[in-house]
Every structure is written in structure tokens, then in C-alpha cells.
Amino acid sequence: MQPFNDHTKNILNAIKVERQSNEEKIAVKEQLIELVMFKIGKTGYAFYGSDIKEILPYETIAFVPGCPEVILGIINVRGDIESVLNIHKILNKEQPTPTRHSRITIAEQNGIRSGILVDSVEDVVSIPRSKIFGSISTLDKDIRDFVDQITTYQGQYITILDIGKLFKTL
Amino acid sequence: MIITSDHPPVHQSVMNILLINVQTSQIGVNMDHIQRIEKFQPENDYSERIIYLDTALQLNATTSYHSPHILWIKNVEPAIGIIVDEPQKMLTISIRQISPLPPLVEKNCIFGAVWGAVYDNDECLLLIDLVRLVHGIA
Numbered sequence: 001m002q003p004f005n006d007h008t009k010n011i012l013n014a015i016k017v018e019r020q021s022n023e024e025k026i027a028v029k030e031q032l033i034e035l036v037m038f039k040i041g042k043t044g045y046a047f048y049g050s051d052i053k054e055i056l057p058y059e060t061i062a063f064v065p066g067c068p069e070v071i072l073g074i075i076n077v078r079g080d081i082e083s084v085l086n087i088h089k090i091l092n093k094e095q096p097t098p099t100r101h102s103r104i105t106i107a108e109q110n111g112i113r114s115g116i117l118v119d120s121v122e123d124v125v126s127i128p129r130s131k132i133f134g135s136i137s138t139l140d141k142d143i144r145d146f147v148d149q150i151t152t153y154q155g156q157y158i159t160i161l162d163i164g165k166l167f168k169t170l
Numbered sequence: 001m002i003i004t005s006d007h008p009p010v011h012q013s014v015m016n017i018l019l020i021n022v023q024t025s026q027i028g029v030n031m032d033h034i035q036r037i038e039k040f041q042p043e044n045d046y047s048e049r050i051i052y053l054d055t056a057l058q059l060n061a062t063t064s065y066h067s068p069h070i071l072w073i074k075n076v077e078p079a080i081g082i083i084v085d086e087p088q089k090m091l092t093i094s095i096r097q098i099s100p101l102p103p104l105v106e107k108n109c110i111f112g113a114v115w116g117a118v119y120d121n122d123e124c125l126l127l128i129d130l131v132r133l134v135h136g137i138a
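Taken in order, these protein sequences are the chains called A and B.
For the record, in the first sequence the residue sitting at position 50 is 50 according to our numbering, with numbers rising by one throughout.
For the record, in the second sequence the residue sitting at position 32 is 32 according to our numbering, with numbers rising by one throughout.
Hints are supplied without guarantee of correctness; some may be wrong.
Here are some, though not all, of the chain B residues that point toward chain A, as calculated from beta-carbon distances under 7 angstroms [as the list claims (entries may be wrong)]: (1) Pro102; (2) Phe111; (3) Cys124.
Keep in mind that the hints were calculated from the coordinates and are not lab data.
Remember, it's a predicted structure, so these values are computed and weren't measured experimentally.
In this text, a Cβ means the ideal position worked out from N, Cα and C, and glycines have one as well.
Start from the sequences and build out the full structure, keeping to the hints where you can.
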């Protein structure tokens with residue numbers, strides 16, 4: 001087979017180098033996972049940022065008769081009506097009175113969308129994938145079914161909850 | 001039981017609703033579903049079946065009725081009346097103001113009678129189809 005001339009070789013090398021560099025850039029991007037850190041009581045939890053569409057201040061939630069206790073009711077978000085889930089009830093935690101720190105996170109996964117009332121949203125951060133670990137078997141049995149992974153943030157363990165698993169309770 | 005009425009036809013652009021308060025909820029019912037409204041007299045021996053709205057909606061907390069009235073539902077045989085606290089007022093709303101319930105609420109609400117919501121000045125008004133409600137408890 002006739003070998004490539006130097007000019008063609010140079011072009012091929014340049015393409016190879018550029019592709020390699022792009023792959024490295026993608027790999028670096030993939031290593032960062034966005035997390036929305038929030039609190040239930042004094043415990044830190046997180047949702048994947050890709051599942052959270054909006055974070056809203058607390059507003060009055062209208063009760064809907066006939067709904068199970070895990071649905072607090074509905075809210076109006078710029079003309080769209082959204083349901084609000086009671087994550088305290090789902091995780092079997094004590095239900096506090098909403099405060100000025102309370103937030104309604106609007107979550108969406110697999111076409112299912114709902115608000116989730118949390119006690120506070122602490123931060124939205126990007127964490128390297130290498131700092132996110134698989135779930136541990138010693139987790140509280142009330143939350144085990146909803147946990148995807150765990151991580152640490154500012155010296156605290158953060159339990160990453162899977163929105164899809166929360167929605168599946170309904 | 002004969003059920004003959006349902007939600008307003010789509011060509012109808014407005015709906016007259018009667019506003020009722022029950023516990024913390026504001027409820028709107030289609031006036032077209034109501035045959036007549038009368039004051040509830042506890043001493044009367046009503047031959048027709050009557051039921052309190054909070055019982056029909058399976059609300060747990062105790063509800064006080066300051067001025068109970070009976071809403072007699074149209075086109076339902078045998079006749080059923082729903083006892084509500086004094087109806088607040090009548091409103092005419094545009095069909096466009098009505099939002100359907102979110103899918104999770106629709107899927108999990110045990111009453112098919114709760115069918116929509118209207119927001120007016122940040123206040124939520126839940127729309128309840130009384131014909132469906134009485135069908136569910138009959």
C-alpha cells in the first residue's frame with residue numbers, strides 16, 4: 001500500500017491530537033456532578049441538579065381532599081399548577097412548620113413533575129464524580145429505598161436521593 | 001342511580017360556580033349541577049338521603065357548620081342532598097381560567113370528583129363535580 005505523504009500525515013496527526021483533546025475535555029466535564037444540597041431537619045441531603053428545574057420560596061400550599069398524606073397539595077407556578085410532595089412523610093421524618101428557609105424544589109424525571117417541600121436549600125454545587133460513592137448498607141431503613149449515592153460536603157455526609165424512586169412511592 | 005350531568009361542554013366559555021368553604025379549602029361547584037338550595041333544618045325528617053360535605057370528602061378534622069344549607073343535586077335518582085356551610089358567593093369564571101390537576105394528584109386523589117383548580121389573586125379554588133361526588137358515595 002502506498003504510504004501517505006508528509007502533508008497528509010501532518011493533517012491526520014493534527015486531527016488525532018484535536019480529537020484526543022476534545023475527549024479529555026468531555027471526560028473532565030463528565031466528572032462533575034451538579035447537586036442541589038438541602039436539609040430535612042438537621043440532616044443534609046441532595047438531589048441531582050439535572051432533576052431540579054426550579055427552586056421556589058415557600059408559598060401557601062392548597063390542600064386537595066382525597067390525596068394521600070405524601071401529597072401536601074398544589075401550588076400555582078406562573079399559571080401552571082404543580083403538586084407538592086411531603087418528603088418528611090415519605091422519609092418518615094417529623095413534619096416541621098414551614099419557615100422562611102423552607103423551599104419548594106420543582107423536580108422532574110421521566111416526564112413526571114412535582115414540587116418537593118424541603119426545610120432549606122443550602123447550596124447548588126458541582127462535585128467531582130470521584131467524590132460520590134455508592135450507597136452504604138447501614139443507612140436508616142426509612143430512607144434506604146430512596147438513596148442513590150452518598151457524598152461529603154463541608155465535612156458532612158450528604159445522602160443523594162433519587163427523584164425517580166421518590167416518585168415511585170406514588 | 002341515574003347520572004346524567006358532567007363537566008361543562010367545551011363550547012361553553014364560562015361557568016357559574018358556587019363558592020363554599022370547607023375547613024381550609026375553598027371549593028367551587030358548578031351551579032348547573034344544583035337543583036335547589038335550602039337551609040338545613042335539623043328538626044326536619046328528611047326522607048331523601050343527605051350527607052355533610054366534609055363526610056363526603058372524607059376530611060378527618062371536625063368541621064363546624066355555622067349556617068348549614070342543603071344543595072340538592074340535579075338529575076340524580078334517588079335524590080341526594082349535600083350539606084354545606086352557608087354558600088359564600090356565586091362566581092362566573094372563564095373556562096380558560098381552569099387548570100387541570102397535576103398528574104400525581106389526579107392519579108392519587110381518591111375522588112374523581114375533584115377535577116380542576118382556579119387561581120384568583122393567589123387564592124386556590126378547587127372545582128368539585130357534585131354529581132360525581134354523590135355517585136361515589138351512593
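Each hint, compared with the structure:
A cut of 7 angstroms between beta carbons decides the hint on Pro102/B: the least distance to chain A is about 4 angstroms, and the hint holds. Checking Phe111/B against chain A: minimum C-beta separation of about 4 angstroms stays under 7 angstroms; hint holds. For Cys124/B, the interface hint holds, since its Cβ comes within 7 angstroms of a Cβ in chain A; the closest pair sits about 4 angstroms apart.
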